[in-house]
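Mind assembling these two chains? They're in different frames, but the hints should get you there.
Going down the list, the protein sequences come from chains V and A.
Under my numbering, the final residue of the first sequence carries the number 204; numbering is consecutive throughout.
Under my numbering, the final residue of the second sequence carries the number 1204; numbering is consecutive throughout.
Please keep in mind that the hints were generated in silico from the structure rather than gathered at the bench.
Incorrect hints may appear among the rest.
To be verified - Residues of chain A clear of chain V, computed beta-carbon distances all greater than 10 Å:
#1 Leu-1022
#2 Asp-1057
#3 Ser-1075
#4 Trp-1076
#5 Gly-1103
#6 Phe-1112
#7 Asp-1128
#8 Ile-1148
#9 Ser-1150
#10 Glu-1156
#11 Thr-1177
#12 Gly-1184
#13 Arg-1198
Claimed, not checked - Where chain A lies over chain V, by a calculated footprint (3+ residues, C-beta under 8 Å):
#14 28-42
#15 128-139
Said to hold, decoys possible - In silico lysine-lysine, DSS-like type, Cα no more than 25 Å apart, as pairs:
#16 A:Lys-1030 with V:Lys-131
#17 V:Lys-177 with A:Lys-1030
#18 V:Lys-131 with V:Lys-121
#19 A:Lys-1149 with A:Lys-1127
Note that CB positions come from ideal geometry on N, CA and C, so glycine has one too.
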Amino acid sequence: MADPRWRAGGDWLLSCNCDVFCPCVLSLGRSRPTQGHCVTWYAFHLEEGRYGETDLAGRTVVAPAYSPGPLLEGGWTMGLYLDEGTTHDQEHALTRIFTGEAGGPIRMWSFLISRHLGVQKAPIHFTKDKKSRAITIPKTLECSIAALPGGEPDDVIRLLNLPYWINREVVVCRTEKGRFRGFGFNWETGGKSAEYGVFNWTGP
Amino acid sequence: MADAERWWAKGLLFENCNCQLLCPAHLSFKQRCEHERCIGHWAIHIDQGGYGVLSLDGLNAFIISNSPQLMISGSWTQAIYIDERAGQAERRVLERIFTGQAGGPWAVLARFVSTRLETRHVPIGFKDEGRRKAMWIDDCLETAVEAIKSADPSQEAVLANVFNQIHASTQVLAFGTTRYADRGLALTTAGTHALYSRFSWAGP
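Excised from the complex, chain A in its bound form (with noise of 0.2 Å):
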């Protein structure tokens, strides 16, 4: 059942997948990627957000998929990792928005995982240099994603006006690095499909 509290955040997000760029499952769910598995993360640092009179400002979160090569199939297994600064009810509020119970983009995601690992409450470490980010989680993340090249270098080259549920409408495209593995979860990439963009979110 969705909650009833309003909610909403905006942030950035940043992702990286074991496809080239572009992944082909980012144009749509119905496109194969390139892997017999596609496994890909999602990386969130929310500038601002609230969930009732509760603030969500500044926290950090990961959460990474493995899928079939055919992503609208489901069967998705799925980890989330909450920032251990956020309090006991922050932690609640963001599990529930990552699970979809909180309605939202989320909640159309969410539809797809079948696995879900325990979430872990963890140090999340976070940096956006321009065309560069990165976050990383001690025991188990390394990633970072960095723009491609582009014609005007002041700015970054983009895909715009694609569809997403989580994404803004016009993406950075990067290449991205990552370096993740924990509790049979695994993702080791160089180089492949990698996106940003600045991210509105509400719900439920």
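So here's chain V without its partners, still in its complex pose (with noise of 0.2 Å):
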């Protein structure tokens, strides 16, 4: 069944087990990641957003990936959890979106992602400050991080201009804290890179 138009947009965040700063997100996934594999996960945070009638406002969805090289060279393991709020519809929706399979900036997920280990619903709790950024599930992931002081005190280190699929502005960020314990992973990236910035994405 082909996919309606739809649009999302809101807050993400990310950390990785890269070296500050993730040299994959500059190359546009062709670097080595600096471990040579790559552990992560992306939070997604909709403002607001709509796949044909289905609103999607306020939903949050957080994917789990692993990739054993390079993140253009696919392969990847993922995993995705949709906050516990989410009707039927909204996961069908969200599914096809964060799977790439909806087409839009994300559609490249569709051909990088192997192995999908499925959909989970769980409490998640997004939080933002005006230099950080938060993410919870209970059990599961505990996330934090902070922009990396900038050279003018009052405002963060960005990148502008960026190729990037997520959005072109990015902000530098170190992860404070970051355990994950899920879909059968076991992963710290406490110290490691971060990243945050908004998103504006329509498809297919």
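This is how it looks when you write it as structure tokens:
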């Protein structure tokens, strides 16, 4: 079944096991991750969104992913967490979007993911402050990230005008706390690279 | 002892090292570089500058360093190359500037250098082709850096609001390729960490 027109926008963050700053962002997935392989979780908090007739506002998605080498070579293993308020229709829409199957800027996930471990519903808490972001899933994910201090201390260090797929502007961060246990993975990313920003996508 | 004479210089600075983009030490010398030794260069073209009554306009310089993985631990070995078009007096003041004896930003970096090879005065070629910058020395150096792809192709992708001693706070993200070998120092890169910016220095 073809996907209807959709849009999704809000806040996103990620934490990974690369040194600060993750080379994969700047090389668009061509660089070797600092440790050779990548473990990461992407989190998307939708301020607004619509998939056909289905409203997606307020939903939060967490996508833990493992990549054995450069991200663009694929072979990813990943799973999806949807927040527990997600309805049946929203689950369909979010699963299509966050596996890349519904196209848009995230379309490449559809050909980078080799193994999809399924969808789980859980309480997901996303919070944001002026220079930090946090995402938690009780007993599963504890993650807080903070922007590195900028030269101008009132502002953060920004990457601007990037051809990055999530958004062209990214804030350079370090993971303060990063622990994930789920889908048979047990990852720590404390002290490692992180980033946040906003996104505004349409598809297919 | 720092010089009493005031000096200033503005122009183009570019760098390339053996880390992937972004070199962890660029954000903090307290972060480990990717390889056991961090080897990188600074290529300098002074558009305009003065030291007392001497003009530094149009002169080139090249500085290469080989440091431990943790740059803040010091013990850097460094070699400086100064444009042979510089007169005797200008050669002397440029050497004083880059070795930190004339104060300003280079005095901070000079604290990390434990071994200096003798400064060479050689013809240094320089070319600024917009998103690509190149420098060469006939018997030992060929280097070029090229801005990464950007979202809006009419402008470069940048790292903004980063404190740095010698770069402007906004630096263009680039990939660099260098072939250099001289007196036991060597650097060979292809598509690794590179940046360029318009610098503005002053001392003492």
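Each hint, compared with the structure:
no., hint, result
1, Leu-1022, "violated (5 Å)"
2, Asp-1057, "holds (28 Å)"
3, Ser-1075, "holds (21 Å)"
4, Trp-1076, "holds (20 Å)"
5, Gly-1103, "holds (20 Å)"
6, Phe-1112, "holds (20 Å)"
7, Asp-1128, "holds (20 Å)"
8, Ile-1148, "violated (6 Å)"
9, Ser-1150, "violated (5 Å)"
10, Glu-1156, "violated (7 Å)"
11, Thr-1177, "holds (14 Å)"
12, Gly-1184, "holds (28 Å)"
13, Arg-1198, "holds (15 Å)"
14, 28-42, "holds (count 4)"
15, 128-139, "violated (count 0)"
16, A:Lys-1030 with V:Lys-131, "holds (21 Å)"
17, V:Lys-177 with A:Lys-1030, "holds (19 Å)"
18, V:Lys-131 with V:Lys-121, "violated (28 Å)"
19, A:Lys-1149 with A:Lys-1127, "holds (20 Å)"
Checked against the numbered hints above, the structure breaks hints 1, 8, 9, 10, 15 and 18 and satisfies the rest.
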